[in-house]
Amino acid sequence: MAKGNVDFFNDTGGYGFISTDDADDDVFFHMEDVGGPNVDFFNDTGGYGFISTDDADDDVFFHMEDVGGPDLEEGTDIEFDIEQAPKGPRATNVTRL
1 MAKGNVDFFN DTGGYGFIST DDADDDVFFH MEDVGGPNVD FFNDTGGYGF ISTDDADDDV
61 FFHMEDVGGP DLEEGTDIEF DIEQAPKGPR ATNVTRL
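For the sequence shown, UniProt numbering begins at 1 and goes up steadily by one.
Restricting the straight-line Cα-Cα distance to at most 20 Å, the calculated cross-link-like pairs of lysine to aspartate or glutamate (EDC-like) are: (1) K87 / E65; (2) K87 / D66; (3) K3 / D22; (4) K87 / D59; (5) K3 / D77; (6) K87 / D57; (7) K87 / D40; (8) K87 / D54; (9) K3 / D25; (10) K3 / D24; (11) K3 / D26.
If you are wondering where the hints come from, they were derived from the structure by calculation, not from laboratory data.
Based on the sequences and whatever the hints tell you, model everything.
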């Protein structure tokens, strides 16, 4: 798998370009091609955060009691189950990838 840096990203269009030593030209990507869910926001003081995923209409709440181990950081790739809680979707069985 190639590695590179995002040189340009259009948030409205959901696409961008990556520079890499493995290609002569910048590589086009679309957000549909980007990996799975990840931590979108984390509050280390409160020990909670939100996960961005296509599997739910809204971001999914999680609490560190559902994760264990060191705090998660924004951008961390994870796997999880979703349960419907009174205030909206909540992640359970959260594991780091």
